[in-house]
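*Asks:* These protein sequence lines are chains P and R, in that order. Position one of the first sequence corresponds to residue 1 (this note's numbering), numbered consecutively onward. Position one of the second sequence corresponds to residue 1 (this note's numbering), numbered consecutively onward.
Be aware that a few hints might be false.
Reference excerpt, derived from the structure (chain R facing chain P, CB under 8 Å, subset only) [stated by the list, open to error]: (1) Val4; (2) Val9; (3) Ala86; (4) Gly107; (5) Ile118.
Hints listed in this document are in silico derivations from the structure and should not be mistaken for laboratory results. Just so you know, even glycine gets a beta-carbon here, dropped at the ideal spot from N, CA and C.
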Amino acid sequence: MDASQIAALVCQCGAPLLLIALGFSIGRMIERSHLRELDRREAELAGCIATNLRSPPAGHPLSDGHLVTGGVVIGSDYFKTFAASLRKLIGGEVRSFERMMHRARREAMVRMLEQAHALGATTVINIRFETCSINGVGTRGGLPMAEVFAYGTALVPRGGATR
Amino acid sequence: MIVVNTETVPGHEIVGLCGLVQGNTIRSKHVGRDIAASLKNIVGGELKGYTELLTEARREALERMLVQARQLNADGVVNVRFCTSAITQGAAELYAYGTAVRLRRIGGGAPLQPTPPIAPPNAL
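From just these sequences and the hints, can you work out the full model?
*Replies:* Written as structure tokens, this is what we have:
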């Protein structure tokens with residue numbers, strides 16, 4: 001094989017390997033910093049009660065209700081997509097996407113609770129989640145992207161926020 | 001206009017039903033956002049362009065629902081539900097529906113100041 005053929009081979013194999021390496025390294029850094037950020041924001045909102053019960057808890061003070069929402073679109077990195085495509089050969093749990101969806105749900109929930117907190121609410125009831133994959137219908141090998149949307153009713157106590 | 005996703009409005013009594021109200025919008029992504037998303041998909045994480053697009057679309061669907069509720073002289077909308085479906089490659093329909101009602105306030109205290117249920121995208 002001469003130099004140009006070797007160079008062509010390196011380019012052909014190198015590009016996907018470089019993307020996988022980038023996805024693995026930078027992707028993990030981004031994921032870790034996002035998870036740290038989520039831990040911090042969830043700790044700040046620890047005083048807020050969040051439930052999917054349909055009515056206020058017994059003994060809750062008289063409050064006004066207000067719809068609060070939070071949404072996020074999260075994409076998978078190249079390494080996760082590659083690992084999932086390997087998993088498709090043998091079947092079973094796709095842990096990399098599970099982690100991605102869990103992150104998206106946490107982020108949507110935190111955004112919704114932050115909106116409730118800004119209104120002075122201490123309780124959010126009737127929380128529901130909507131998930132939608134937005135890489136199109138019927139695409140083959142589309143980039144995995146999912147939108148998670150959380151919505152609920154924030155209870156703002158009358159006469160100011162008290163706990 | 002009070003908007004909640006529960007069947008009853010906390011602190012209020014439902015005195016009349018105006019009917020089912022709904023609002024929808026169909027949005028598609030554009031090439032610029034698609035390219036940015038493809039690059040972001042190498043390293044993963046939040047796709048802010050799409051988040052803004054879908055948040056704005058949902059606000060519009062909700063606003064269309066509230067326009068219908070105002071036409072029916074309702075005081076609020078209860079039991080709001082959202083539905084998202086992919087229509088074709090790169091386009092999604094966002095649909096919001098609820099029941100418009102007339103309300104009577106119970107107890108005292110100042111009414112809650114109306115704020116948009118879905119914050120504008122640049123507030124994120």
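*Asks:* Look at each hint and say if it fits the structure.
*Replies:* Verification of the hints:
no.: 1; hint: Val4; verdict: holds (4 Å)
no.: 2; hint: Val9; verdict: holds (5 Å)
no.: 3; hint: Ala86; verdict: holds (5 Å)
no.: 4; hint: Gly107; verdict: holds (5 Å)
no.: 5; hint: Ile118; verdict: holds (5 Å)
In the structure shown, no violation is registered for any of the earlier numbered hints.
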